[in-house]
Structures are given as C-alpha cells and as structure tokens.
Amino acid sequence: MFAYMIRIALLSLRRNPVLSSLLIAAIALGVAVSTAFVTVYYIYSGDPIPTKSDQLYYVQMDNWNPDRPYSRRRPEIPPDQITYRDMQGIMTSDIPTYQSGMFVASLTIHPPEAEQRPFRERVRMCFADFFPMFEVPFAFGGGWGRESDRGPEPVVVIDAATNDRLFGGGDSVGKTVRIEDRPFTVTGVLAPWRPSPRFYDTHTGASQVPEGVYMPFEFARVFEVYTAGNLLIWTDLEDSAPFEEFLASEAIWIQMWAQLDTTEQRQAYSDFLEAYVMEQKKLGRFGRPLNNRLLDVMQWLEDQEVVPEEATGMLVISLLFLLVCAVNLIGILLGKFLARAPEVGVRRALGASRSVVFLQHIVECELVGVIGGVIGLGLSALCLGVINRLLDNSGQFGLDLPMVAAGIGLSLVAGLVAGLYPAWRICRVPPAIHLKLQ
Amino acid sequence: MIEMEDIRKIYRTQHVETHALTNFTITIDSGEFVSVMGPSGSGKTTLLNIAGLLDTFEHGRYILDGEDVSRLSDRQMSAIRNQKIGFIFQSFNLIPDLNVFDNVDVPLRYRGMGGTERRAAINKALEVVGLSARTKHYPAQLSGGQQQRVAVARALVGSPSLILADEPTGNLDSAMANDVMDLLETINNMETTVVMVTHEPELAARAQRRLHLLDGRLIDLEAEDRPTPLVARAGGAPSARV
Numbered sequence: 001m002f003a004y005m006i007r008i009a010l011l012s013l014r015r016n017p018v019l020s021s022l023l024i025a026a027i028a029l030g031v032a033v034s035t036a037f038v039t040v041y042y043i044y045s046g047d048p049i050p051t052k053s054d055q056l057y058y059v060q061m062d063n064w065n066p067d068r069p070y071s072r073r074r075p076e077i078p079p080d081q082i083t084y085r086d087m088q089g090i091m092t093s094d095i096p097t098y099q100s101g102m103f104v105a106s107l108t109i110h111p112p113e114a115e116q117r118p119f120r121e122r123v124r125m126c127f128a129d130f131f132p133m134f135e136v137p138f139a140f141g142g143g144w145g146r147e148s149d150r151g152p153e154p155v156v157v158i159d160a161a162t163n164d165r166l167f168g169g170g171d172s173v174g175k176t177v178r179i180e181d182r183p184f185t186v187t188g189v190l191a192p193w194r195p196s197p198r199f200y201d202t203h204t205g206a207s208q209v210p211e212g213v214y215m216p217f218e219f220a221r222v223f224e225v226y227t228a229g230n231l232l233i234w235t236d237l238e239d240s241a242p243f244e245e246f247l248a249s250e251a252i253w254i255q256m257w258a259q260l261d262t263t264e265q266r267q268a269y270s271d272f273l274e275a276y277v278m279e280q281k282k283l284g285r286f287g288r289p290l291n292n293r294l295l296d297v298m299q300w301l302e303d304q305e306v307v308p309e310e311a312t313g314m315l316v317i318s319l320l321f322l323l324v325c326a327v328n329l330i331g332i333l334l335g336k337f338l339a340r341a342p343e344v345g346v347r348r349a350l351g352a353s354r355s356v357v358f359l360q361h362i363v364e365c366e367l368v369g370v371i372g373g374v375i376g377l378g379l380s381a382l383c384l385g386v387i388n389r390l391l392d393n394s395g396q397f398g399l400d401l402p403m404v405a406a407g408i409g410l411s412l413v414a415g416l417v418a419g420l421y422p423a424w425r426i427c428r429v430p431p432a433i434h435l436k437l438q
Numbered sequence: 001m002i003e004m005e006d007i008r009k010i011y012r013t014q015h016v017e018t019h020a021l022t023n024f025t026i027t028i029d030s031g032e033f034v035s036v037m038g039p040s041g042s043g044k045t046t047l048l049n050i051a052g053l054l055d056t057f058e059h060g061r062y063i064l065d066g067e068d069v070s071r072l073s074d075r076q077m078s079a080i081r082n083q084k085i086g087f088i089f090q091s092f093n094l095i096p097d098l099n100v101f102d103n104v105d106v107p108l109r110y111r112g113m114g115g116t117e118r119r120a121a122i123n124k125a126l127e128v129v130g131l132s133a134r135t136k137h138y139p140a141q142l143s144g145g146q147q148q149r150v151a152v153a154r155a156l157v158g159s160p161s162l163i164l165a166d167e168p169t170g171n172l173d174s175a176m177a178n179d180v181m182d183l184l185e186t187i188n189n190m191e192t193t194v195v196m197v198t199h200e201p202e203l204a205a206r207a208q209r210r211l212h213l214l215d216g217r218l219i220d221l222e223a224e225d226r227p228t229p230l231v232a233r234a235g236g237a238p239s240a241r242v
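These protein sequence lines map, in sequence, to chains Z and E. Sequence positions in the first sequence follow the numbering used here and run 1 to 438. Sequence positions in the second sequence follow the numbering used here and run 1 to 242.
Isolated chain Z (complex conformation) (with noise of 0.2 angstroms):
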C-alpha cells in the first residue's frame, strides 16, 4: 500500500509540474538555510572527542593580580592559561596518565626542494603525551617519546598537507625538513584529523582547523619564539627583556591538558595542584585566593562560550525561516488537494477509508519534502562552502551523515507541518457530495 501510495503522490506532482516544483523549492530553500546552520551550531557544540572526553581536564590555577580578578566580568574564574615555569613545576607529576603543555607558534619550514619558497607554517609546541592523549591518528610513523621532549631532539610530526607539500606525499617518516635554522626529522605523519571544535587551542578559534607541524616543546626555548596565540601578563616586563626573563615571569600562555582516567586519579591530581600552589604561595606567588579549576572536554567548551551567540541566533532563526517556508506551503497544498476532492470522492466510494487518504495526502507531502530536502542538502552544502571562505577555516564545515539525516529529518518535518492541515481537511470532505459533479 505504501508503494501504491508513493505512485499516486507522484502522479499527483506530475499532474502540476510548476506547482509542484514551487512546493519543492519552497522546502528546498528551508532546509538548504537551516541545514547548514545547524551544521554550523553542531560543529560548535558537538563532542569533539567522544571516547574520553570525560577523561581529559583542562588545568587551571590562578597566579594573577592579588587586586584584581582575571575576569570582571567572571570574577570567580582563574586565568585561562598558565605560565611556563607552572608548566613545568607541574609536568613533574606522574599522576596523569599523560600530561602536556602546549602553545602555537609561527616558524618558517624550507622545502628539502632548492626551488621552492620558504614558508611560515604554524607549528604545535608540545610533548610527546599530546598525540596519544588526544588519540591524533597516523597515516605513517607515530608520535616522538618522551626521551625526546628532555633533549629536546630534533623530531616532528607533520600533518598529511604539509607532507603533500612538502615530500609530494607518501611514507615521509625518516625524511628530514628544516624549520628555522634547523634539520628535523620527520617520526610521524598524520592522518586526517579534524577535531570540531578544536577543543585543545580554544585561544586561537575553535573553528580553526589543527596545526601543520608538530614539534617537542623545549625548542620554544631552542629558537626563543614566543607565542602565536594569546599571551597576557599582569606585571612589568620590558619588551626588551632576555628570552629567560619572559619564561620566568607570570605571563600565561600555556594551555595545559591532562588525561586523569579514574576518580582517585582526579583527586590526586588535585591535591597535588594545591600542594603545589601552597608551596608556590610560600615564595610570595600565587597571591590570589587558591583557585585551581580541572574542567572536561565538555566543561571547557563550555566555560570557553566555543558555540558564538551568534551560531545560536541564525540556528533559531534559520529554523523559523523553515518554519516559515512549511506554513507557506499550507495554502498552497489546501488548494491542489481540495482541487482533488471529486477524486477523493471516487478513492472514497471504492474502498479508501479517511485514514488511508489521509495517510495518502501526508505520504504526498513527505514525497515533496523528501526531494525539497535533497535538493536542499545540496544546496546546503554550497552554503557551507561559502561559510568556510567567510571564516577562512577551509572546509571546517560540512555536511557528514548525522547532519543528512538531520537535513532529511527536517524536510519530513517541513513536509509533515506544511501538509497536516490540508490532508486531515480533504480526508474529512463528505465523499457523496463530489461524486454527482465530477
């Protein structure tokens, strides 16, 4: 019967070619606008690592101004980052599972080929728990030990892009690349990865898409370069001041991730940044009140405010834009299946009760919203491309299978709104009445 059904809903869009194609533009229109900014909230708001999200814990303490909060707006939060001597006061701990500091820089990479230009890439300082921790997948090769972080050794992971770039593609573990001034061995080669958000680096955009280079943190001190990213301090420090000066004092600019598996783990791990702190607070740091925060993967998205108010906004708005689009459409199908009333009337005297017309007049419009929404998906994703030039953040946002199924799913629903109202008034019209005048 279903079958059946499906036949006649497409005889019916048949019979009226233009105005059928109107009710599928219609649904088209909405679901291209809402799919992709439902893309967009849910790229925004999505687990970027469902595996151990609850696992990983974003470290906080609070060295800032004794008169003054990090944040007037949030006076009870600590800052965001930490400083690099916190970093390493605190990586000497064995509790975590894996441990890392980390910050972006900008170095410039030379291509082993003569020919082609040096250029600026952004690189990824961190140790050699970063790529476990965050579970990063490798094409060829793996991660750097920690043997290597002590040196540091001259070792690099790079991303599949980079490695096109840069060797033409292909198995590049062994192969040397030189940063700065320096050979670098290449351990590991990404496979693609794309956390969304880019829940490690908040500071730079969640949006943003992972690093190019990865390299053993130490050489930040190796090649003096200073962060990428944010870096805020609340005491004097010349711009002229040694490399060292700046690593010593209390400038924060260091995100810092540990994996903390169990609860007794956690708790340890927490005595211990207290400990820490009260030891620090004894040399005349620390002069705020004791202050640590351990937030997930979820918590800090969320304390980050990573979903902008803005992807929130054109979310509702582009659902009430689909909503619009249905509502529209109830006229429109009132007037094409009233006009099929004697029809109706004929199904009627031969068998069909009002449920099944009713289910024949729903089956018609999901038909319409079913092709609206493929249409629409297409056009989604076009939408989303454009957003990706927007942003800059080259292919961030696209359409993968949970966000068709949405699409589809709310092209059912625009179909079912726009066609609720005028199947249940055809399936009630008097059957008799239309037989005598067709």
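Hints may be right or wrong, so weigh each one.
[To be verified] Some chain Z residues near chain E, calculated using beta-carbon distances under 7 angstroms:
no., residue
1, Y4
2, L11
3, A349
4, S353
Read the hints as simulated data drawn from the structure, not as lab findings. Note that beta-carbon positions come from the ideal geometry of N, C-alpha and C, so glycine has one too.
With chain Z's structure known, arrange chain E on it following the hints.
Below, chain E alone, put in the same frame as chain Z:
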C-alpha cells in the same frame, strides 16, 4: 440484500432544512435488479448514497447483507464499500492519470490483494466488459461508452454482491446506453444485486422491479401487478417488498 427501515435523511443549511428521505422503508432481495426513478430532488441519489454507505442518516435502521450498518465507523464502512459494493456513476468518475488497468485496480489496492491475484481479477473484469485490448489506454483516449465500461469493470472487479448505478447511461447515446444495460443485466445474471437510478423509463423497464421516489418517499406504481401488497409502516411511508 438491503433492508432499510424508517430511514430519515435531512440536509441542513443555515436557513433551509431539506428532507431528502422521509420515513423510508424498503427491502431489496439478493440477486434483484431494481431501478429507481423519480423527478430531480426526489431523493434517488440520497438513497443510493445511503445504500452505498457514502452518506449517513439521522434516523432509522439499515441492514446490508444481514449486517446492521446503521452506525459503523468510517473504517468499517470503507471496508464494506470495498468488499461488498460496486459503484457506477453517470460521469464515469475514472481517474484521468491512471490507465484502464490501473483504474480498475483501485478498489483491489484498498483491499490489499497480492499482485498476481489482482492482475487476474482485473483481466477477467476487463474481459467481461470487452476492453481487454485497451488496458494501457487512458480515459481521455476512450469514448464515453468505453469509459463507462471501464467504470463497470471497476465496479465488478472486486466481485461485489451489490452494484449501485447512478444514472449510468445519462451521458451516453442510446446505443452505448443499451450496451451498458446489457452489461448490467449480465452482472445481475451472475447473482449480483443491481440498484440503478435512471430517468429513462425504457431502461428502468428492463429492471425486475421499478421503484419511484417522490419528495423522499417511495411510491409503488407497480402495486397492481405485484403479488405482495404494500405494508403500511408506522412512519407512514409506503414500502415495497418482493
């Protein structure tokens, strides 16, 4: 086949109340061919609509094929229409988008029959009406007489026990009208009860029994010829019994 007792049907608008059937009582036996005549507005079509469960009534009782169908749900009435009743209309009422085969298929679709069974029934019905060669034609490609034969095949295809024909020859010339009447007689000979509304006395005369309606009441013009006398019912309306 049909037992109606004291049926009352009133059409109401904001200002007017029209009594389409008044204290209407009738019995039609299985296998009868009954014609219904009467002037416009006398209640012929209302009678057919009520008999075909296409319309409801305010008062009375209706027994169809031994089952009280006076107060059934829409789903139950639809199932009875589908299984027991075939309709033939003056304007054929074929669905223009469907070809002959698919038009005849419609009632079987609502019965949920399997494909093979449906095909066999449709081919048989089209054979009865002599349109086996036109299965792929659309209604617009057929003459009026052919369209009405398709409608007859559609009424026939589900092997109903009752055929209700509302002026089936009203839009046909006399030759085509006779063809359709021949078909109705053929169907009646297959033990199917036929109730036909018509304005044409010569066609009505081909029925075994002629009923006449006036102002929603039954008038038995054949009283003198009939072995069974009229029985005056409590509602005051005359009734006929074969």
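Cross-check of the supplied hints:
For Z:Y4, the shortest C-beta to C-beta distance to chain E is roughly 5 angstroms, which falls under 7 angstroms, so the interface hint holds. With a cut of 7 angstroms, the hint placing Z:L11 at the interface with chain E holds, because the nearest CB-to-CB distance is about 5 angstroms. For the restraint placing Z:A349 at the interface with chain E, the shortest Cβ-Cβ distance is roughly 5 angstroms, inside the 7 angstroms limit, so the hint holds. Interface hint status for Z:S353: upheld, as the beta-carbon distance to the closest one in chain E is roughly 4 angstroms, under 7 angstroms.
Of the hints listed earlier, there is not a single one the structure fails to meet.
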